[in-house]
Amino acid sequence: MTHDQKNILSVRDMDREEIDALLTAAAKFDQKKFTGHELEGKILAVLFFEPSTRTRMSFASAMMRLGGKILNLGSVEASSIAKGETLSDTIRVISGYADAIVLRHPKEGAARLASEVASVPVINGGDGAGQHPSQTLLDLFTIRKSMKLENIDIGLQGDLRYGRTVHSLAAALTKYDDIRLHTIAPEGLDLPSHLKQDLTDAGMEIIVHENIEETIPELDVLYVTRLQRERFPDPAAFASFAATYRVTPELLEMAKPSMIVLHPLPRVDEIDPAVDKMPCAKYFQQAHYGVPIRMAMLNEVMRS
Amino acid sequence: MKRSSDEGIVISPIKNGTVIDHITPGEGLTVIRILGIQDGTNVTFTVATNVVSSRGGRKDMVKIENRELVKSEVDKLALIAPDAKISIIRDSKVVEKKSVEVPTDITGVIKCPNPNCITNTREPAESRFTFHSRGFRCCYCDTVISREMDIGDYI
Ligand SMILES: [Zn+2]
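Line by line, the protein sequences are chains A and C.
Just so we're aligned, residue 1 is where the first sequence starts under our numbering, counting upward by one.
Just so we're aligned, residue 305 is where the second sequence starts under our numbering, counting upward by one.
Just so you know, the hints here were simulated from the structure itself, not pulled from any lab data.
One should not assume that every hint holds.
Stated by the list, open to error - So these bits of chain C aren't anywhere near chain A, every CB distance computed over 10 Å: (1) L373; (2) K375; (3) V399.
Unchecked claim - These stretches of chain A come out as covered by chain C in the derived footprint (C-beta under 8 Å, 3 or more residues): (4) 98-112; (5) 199-209.
Stated by the list, open to error - No farther apart than 25 Å at their CA atoms in a straight line, the calculated lysine to any residue pairs in the SDA-like style are these: (6) A:K28 with A:P279; (7) C:K415 with A:H194; (8) A:K196 with C:K375; (9) C:K375 with C:V398; (10) C:K415 with A:V117; (11) A:K196 with C:T408; (12) A:K196 with C:V398; (13) A:K196 with C:T447; (14) C:K415 with A:A274.
Keep in mind the model is a prediction, meaning the values are calculated, not measured.
Note that the Cβ used here is the ideal one computed from N, Cα and C, for glycine as well.
Full structure from sequences and hints, please.
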């Protein structure tokens, strides 16, 4: 790693000023305030060791909008990786081909390791159950579009045990003042206790709820995540939870008119499609913000 | 055997070597293991476990003949026995007495308990942990080995 190499590996590494600066830059890109030549002549290597078409496309789109070019890894089966090359060696070699690397990898900490051996900036595009900073930043960005990131009540609903997007979002929210976290999860799928401890140590108030009805009137944001069938003991248990945890127009009648509903997508049955046309439904907008956020990230690490 | 009224049975004195006192009860054998002086080495050592401590409570003690600990060994020791006191003995005299200091950065010592961590793969990556309010945190995957877990299992 060179001393002036700027990586984006985890929101945990960033202080509030750095996060706010990226969000502000993203707002500028979102308002089309850019020339399209910002990253002209730059090449981004896109190394995805596990499939995530949307994240990959959204990084590629962001790079192209700023005038840069993309180098794709291609299929892992056809590459040196299939011959048993280590990630460290791959990164060392690819460093010579590009001006920055976006890495998605199934092992936690892969992006940090990559940043230590790379000679160009590394952006973490998601590492296993670990960090996925672009998702967290776009979540924060979506909230900030609708309200100030302070003194608000945020509900997290769904699989909070395995859902890394909510872990990372919750950790990032501790950097802001007076955020109260309300959790609504099926038994056994609540936030892991070590994370709860980290959050409360950081001064965050966490309120656990039995059901969504009891907390929805006080929420400013309802962040819904996907319930995965395989986390449940049997199909009946899943069906019963899926029915209880469904966000419907009837449920939303109890919410403040200003409350927004977010979801990292893809959704399955967690949100009734009838909610889509309601003004509170911000999840597709949220997905679109992935591009300006990634433009801000790429510009941050590669601008001269 | 020397007897002392407040400490119970104390292990016999040595001429040259190291005495590690005030080890967390039950961790004496772990100390021996992490120092790499188990069976198969020709180092003479003695472990006393659950000795009544003069400070109250119980402790383990380890005595190793003809060997003085180096810094990396003391750092490892600090992880499992943060209250340990080390005495270096030369010619039957204590020439140096020191406390252990829990390091804030530990490289290449702890094996990350997360099987999906990049440090548990073929990658040439040394494990790295930093001191955290509730234990030690992996710098790669953020897994925390809390004080309630037995850190000796990961050394
Ligand atoms: Zn780890």
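Hints breached by this structure
Hints 5, 8, 12, 14 not satisfied by this model.
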